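Let chain A serve as the given structure and place chain B on it in line with the hints.
These protein sequences, in sequence, are chains A and B. Okay, so the first sequence: first residue is 1 according to the working numbering, each after it adds one. Okay, so the second sequence: first residue is 1 according to the working numbering, each after it adds one.
Any given hint could turn out to be false.
[Unchecked claim] Estimated spans, in silico, between C-beta atoms of each pair: (1) A:S85 / B:Q79: 38 to 48 angstroms; (2) B:E81 / A:G26: 16 to 26 angstroms; (3) B:L11 / A:Q82: 33 to 43 angstroms; (4) A:P14 / B:S93: 27 to 37 angstroms; (5) B:S60 / A:D57: 27 to 37 angstroms.
[As the list claims (entries may be wrong)] Derived DMTMM-like pairs (lysine to aspartate or glutamate); straight-line CA-CA distance at most 25 angstroms: (6) B:K39 / A:E89; (7) B:K39 / A:E46; (8) B:K39 / A:E23; (9) B:K45 / A:E23; (10) A:K58 / B:D1; (11) B:K45 / A:E110; (12) B:K45 / A:E105; (13) B:K107 / B:D82; (14) B:K39 / A:E110; (15) B:K45 / A:E46; (16) B:K103 / A:E89; (17) B:K103 / B:D82; (18) A:K43 / A:E110; (19) A:K43 / B:E105; (20) B:K45 / B:D17; (21) B:K103 / A:E110; (22) A:K65 / B:D1; (23) A:K43 / B:E81; (24) A:K43 / B:D70; (25) A:K76 / A:E23; (26) A:K43 / B:D92; (27) A:K43 / B:D1; (28) B:K103 / A:E46.
Source of the hints: derived by calculation from the structure; they are not laboratory data. Since this is a predicted model, take the numbers as computed values, not measurements. Ideal placement from N, C-alpha and C gives every residue a C-beta, glycine not left out.
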Amino acid sequence: QVQLVESGGGVVQPGRSLRLSCEASGFTFSSFAMHWVRQAPGKGLEWVAGLSYHGSDKFYADSVKGRFTMSRDNSKNTVSLQMNSLRVEDTAVYYCAKDPSRLVEYGFLESWGQGTLVAVSS
Amino acid sequence: DIQMTQSPSSLSASVGDRVTITCRASQSISAYLNWYQQKPGRAPKLLIYTATSLQSGVPSRFSGSASGTDFTLTISSLQPEDFATYYCQQSDSAPFTFGGGTKVEIK
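Just chain A, same shape as in the assembly (with noise of 0.2 angstroms):
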């Protein structure tokens, strides 16, 4: 069966980076997209950046752009998200998820891991 598992997060200060990574299992990695969604504490959901099977379409929400970049190792199974210039309305879990599609758009989140925690305070 599917497992998405994150790590990688914690407390870090305004302005300091953080490496998230999602490592999957029970699927063929390589040939589906794969995304991130986020939710503050007590909020909603927001999706945060998809990326294309083969690691070349990356799409990014405004509120990150620039300042956050997902990648993928096939080899690994894994996938990550570089976040740097964080402020502290990143505050939030970070969800990896797996999509049914090759590529990111018209696709959906399929499965989902459990999350980890990113704090963003002084």
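Quick look at chain B alone, frame taken from chain A:
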């Protein structure tokens, strides 16, 4: 960016009730509308994709419909395990925005 307006933001209902949640897109998104259920402390779960397709394993009391830029999630007979928050999401064009959520509570 496409805005997704979900209503109501919350509702109270009883077991056995028929519940309807609506999501309106700010522009045409064809049928690229998905619905998710989230329970407290848990990751979201996919219920419906491309407006009307039921995800495998999801009970048939859940259904989705579409009319232009208006989309509806219906629970035909609310069960105790359905008390949760529901979100719509468009996947027509990036950024793939979510609605604000609808919390379904016990009356």
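Hints and how they fare:
no., hint, verdict
1, A:S85 / B:Q79: 38 to 48 angstroms, "holds, 45 angstroms"
2, B:E81 / A:G26: 16 to 26 angstroms, "holds, 25 angstroms"
3, B:L11 / A:Q82: 33 to 43 angstroms, "holds, 40 angstroms"
4, A:P14 / B:S93: 27 to 37 angstroms, "holds, 31 angstroms"
5, B:S60 / A:D57: 27 to 37 angstroms, "holds, 35 angstroms"
6, B:K39 / A:E89, "holds, 23 angstroms"
7, B:K39 / A:E46, "holds, 16 angstroms"
8, B:K39 / A:E23, "holds, 23 angstroms"
9, B:K45 / A:E23, "holds, 19 angstroms"
10, A:K58 / B:D1, "holds, 16 angstroms"
11, B:K45 / A:E110, "holds, 7 angstroms"
12, B:K45 / A:E105, "holds, 19 angstroms"
13, B:K107 / B:D82, "holds, 13 angstroms"
14, B:K39 / A:E110, "holds, 16 angstroms"
15, B:K45 / A:E46, "holds, 15 angstroms"
16, B:K103 / A:E89, "holds, 23 angstroms"
17, B:K103 / B:D82, "holds, 10 angstroms"
18, A:K43 / A:E110, "holds, 21 angstroms"
19, A:K43 / B:E105, "holds, 17 angstroms"
20, B:K45 / B:D17, "holds, 22 angstroms"
21, B:K103 / A:E110, "holds, 21 angstroms"
22, A:K65 / B:D1, "holds, 14 angstroms"
23, A:K43 / B:E81, "holds, 21 angstroms"
24, A:K43 / B:D70, "holds, 23 angstroms"
25, A:K76 / A:E23, "holds, 8 angstroms"
26, A:K43 / B:D92, "holds, 23 angstroms"
27, A:K43 / B:D1, "holds, 20 angstroms"
28, B:K103 / A:E46, "holds, 16 angstroms"
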